[in-house]
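Undergrad: Respectively, the protein sequence lines represent chains E and C.
Residues 0 to 324 in numbering that gives the first Met the number 0 are what the first sequence spells out, letter by letter.
Residues 0 to 250 in numbering that gives the first Met the number 0 are what the second sequence spells out, letter by letter.
Source of the hints: derived by calculation from the structure; they are not laboratory data.
Glycine included, each C-beta is placed from N, C-alpha and C at the ideal position.
Derived, one-sided and incomplete: chain C residues facing chain E with beta-carbon distance under 10 Å:
#1 D121
#2 A122
#3 S159
#4 V163
#5 P237
#6 L243
Taking CB as the label site, the calculated pair distances span:
#7 E:G243 <-> C:G105: 35 to 43 Å
#8 C:G105 <-> E:P148: 25 to 33 Å
#9 C:E65 <-> E:N280: 29 to 37 Å
#10 E:L31 <-> C:R225: 42 to 50 Å
#11 C:Y185 <-> E:E42: 45 to 53 Å
#12 C:R47 <-> E:P122: 42 to 50 Å
#13 E:R187 <-> C:R47: 20 to 28 Å
Far from chain E, by Cβ distances over 12 Å, these chain C residues were calculated:
#14 P87
#15 P109
#16 L192
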Amino acid sequence: MVLVVVERDGDGTLTEDSAEVLAAARDLAESLGVPVGAVAVGEPGELPDDLVKRGVGRLHLLAHELLTDGSPACLGEALAGLVADLRPAAVLAPSTDRSTEAMAWAAAELGMPLATACTEIRPGDDGPWEVTRERAGGVLLEDAALTAPIRLCTLRPGSPSPSETAAADEMTVHVVVPELRASVPRARLVERRERAAGMTLTTAPVVVAGGRGVGSSEGYAVLEELAGLVGGAVGCSRVATNNGWRPHADQVGLTGTRISPDLYVACGISGATQHWVGCMNARSILAVNTDPEAPMVTRATWAVIGDVHEVLPAVVDEIRRRSGR
Amino acid sequence: MDVLVCVKRVPAVGAEILLTADGTAIDTRHLGFTIGPHEECAVEEAVRIAERTGGSAGVLTVGPPETEEQLRYALSMGADHAVRVDTPETDPDPEATAAAVTGALGELPPYDLVLFGEASADAGHAQVGFRVACALRRPVVGGVKGIDLDGDRVLLRRESPEGVEVHEAPLPAVAAVLEGLNLPRYPTIKGRLRAKKAPIRVLDGPGATGGLRTLRLRHRPEARARTVVLGHGAAAAPAVVDVLAELGIVP
Ligand SMILES: Cc1cc2nc3c(=O)[nH]c(=O)nc-3n(C[C@H](O)[C@H](O)[C@H](O)COP(=O)(O)OP(=O)(O)OC[C@H]3O[C@@H](n4cnc5c(N)ncnc54)[C@H](O)[C@@H]3O)c2cc1C
Ligand SMILES: Nc1ncnc2c1ncn2[C@@H]1O[C@H](COP(=O)(O)O)[C@@H](O)[C@H]1O
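One chain only, chain E, in its complex shape (with noise of 0.2 Å):
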C-alpha cells in the first residue's frame, strides 16, 4: 500500500496540498502494483466520498482528543503506531507545517529515514528509491537515495499533474484510536486566536516589496502610497527586517513568507537566491533598481532603471493623474 495522510479545510473538505499528494500517491501506487490508503484525523464527513472519487478504497481515522487539542507530534506519535502495524510501501504526506512535524516525529519513532520537500519520487526496484527534493525552499534541488524498508516522504505542491483516475469500488473506513502513551509529556493547546481578516501579503494580489535600496524606515511611505492606490500590500527582503525599517511580517523569501502574487514590484532588491525564492512564483516581476546587472533586474519581467525615490513618486503622479485622483 501507499499511504497517504490527508489534511482538511476548517469547513472538512480536503486540502488542494492533500488533492496533489493522493494524485502523485496513486501514480506511484501503480507503478507498484499497489492500492492507495489514506489516512486523516477526526470525523468522516465527506471524506470517504470524495476518496472514492479519487480511486482511494480505504480510508484509517485517527481519534483522540489529543490529535485536535495536542502538538503535531501527537499526530506523529499515532501516524509512528498505524504505519507499523500496515508496513506500506511509503509513506507521503503534504509539506505543510503540520504534516511535516508529524512525519518527522513518525521517521524517529520507527527509526527510519524522511525525505521532506520532495517534487519527485522514484521507486528502485530492490535497492533505495531516489527522491528529488528543495534544498532550503528551493534554492537548489537535491536528488537522494532514500534506502529505508518504508519510505517517508513529504511532498512540494505543484508536482504532478492530476490525471483522470478510475472510482474505486467501494470504500472500508477503519476508525483507530492510537495508544498515546500516559508517560509521554506533551505540549497542549491552550489558546487558538483567528487571523485578522484583511490583505495579507500572501493573498495581496499586488506586492509591492523594498530592500536596502530604499534606504530607511521612512523611505517606505512612497511604498505604501503605491501600494494602496494599487491595492496590493507592501513587502520587504531580510536587510529591510534586520535594520528594523519593517516588521519580519512583511519579509519576503526563504525564512519570511513565499508569495505568488500577480504582480511583484521588487524596489531597490538585489534579488539573493534565499529571497528569490520568496518571489520566483509571482506571475510577473517589475524591477525598480540603479544596477541593470543585479540578478533581480535580469529575472524580472519588467525593468526601471533608476533610484526608488526618483521612479515611485514618478508612478504615483501618473497613477493619480490619469485616474484623476
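On the provided structure of chain E, position chain C with the ligands as indicated by the hints.
TA: Chain C with the ligands alone, transformed into the frame defined by chain E:
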C-alpha cells in the same frame, strides 16, 4: 533557566551558487559561512532568557573543527558556553545529526529548554529538532514565534493556517523556532574578544549514518523571458503605468 541552542554551519550563498565539479556540494572556496536566521533568533532568545532568569545559554553544533567558527559567533552574541560534537561531515543526514545531538544531551548537564531552528538554512530537512524531542521523550512545538516562561512550564506561540496558537509545555521542553521570534543583536567588540578566547568542549560523535544520502545537487530549471527595460528614472513612469493598466491593476 538553562537553554541550549543547536546551530549549523552553512555556506553564505548570494545570487549565484557554484557547485563542485562532482555536483554533490556547493563550491565554498570563495564563500563565507554563517548560521541560519532561524538559529540566530534561537541564540538571541536563549541569551535573553539566560539574562532574565540568571541562567545560562549554551550552543551546540555537530560537525568538524571548522564549525567552531559558528559556535564562536554565537558566543560573541552572548552565549555562555559552547559544545561541538565531532563528526567528519559538515552536512550529515538528519538521522545522524539527531543521534549526535541526542547522544550529547545525555552527556551534558541537563537543560530546561533546547532550541532548534525550524529548518537548517542549507539542507532544510525540518526534522532534527523533532527527532531529538522524540528520542528524549520531550514535549516539542515547531514554528515557534513567541516564548513565554511561566514557572515550570513554557508557553510557545506559533502561527497556523487558522490563526495564532499558544501551546503549553512542561519543562524540560524542545522548540523549533522561526525568524521573527525577535530581532537578533549584532555582536559587540567585547563579545567578539571574549568569544575568541572561550574554551569549546568537544564530544565524540556517535558515527551513525542515516538512510538519506545526497547523490547530487542541481539548479532548478528557470523559464523566464528576457527582461523588458521600461526606461530610466522618473521618465519611465508612463511606461510603468501602461503596464499596470495592461495588467488591469489600475484603470
Ligand atoms: C540562510 C539565509 C536565509 C535568508 N533568508 C532571506 C529571506 O527570507 N528574505 C530575504 O530577503 N533575504 C534573506 N536572506 C538574505 C539574502 O541573502 C540577502 O542578503 C538579502 O536578500 C539582500 O537584501 P537586499 O536585496 O535588500 O540588499 P542588497 O543585496 O544589498 O541589495 C540592494 C539592492 O538595491 C539596489 N539599490 C541601492 N540603492 C538603490 C536606490 N536608491 N534605488 C534603487 N535601487 C537601489 C542595489 O543596486 C542592490 O541591487 C537570507 C540569507 C541567508 C544566509
Ligand atoms: N549539524 C548540525 N549541528 C547542530 N544542529 C543542527 C545541525 N543540523 C541541523 N541542526 C539543528 O536542527 C535544525 C533543523 O535542521 P534540519 O532538520 O536539517 O532542517 C536546525 O535549524 C538546527 O537548529
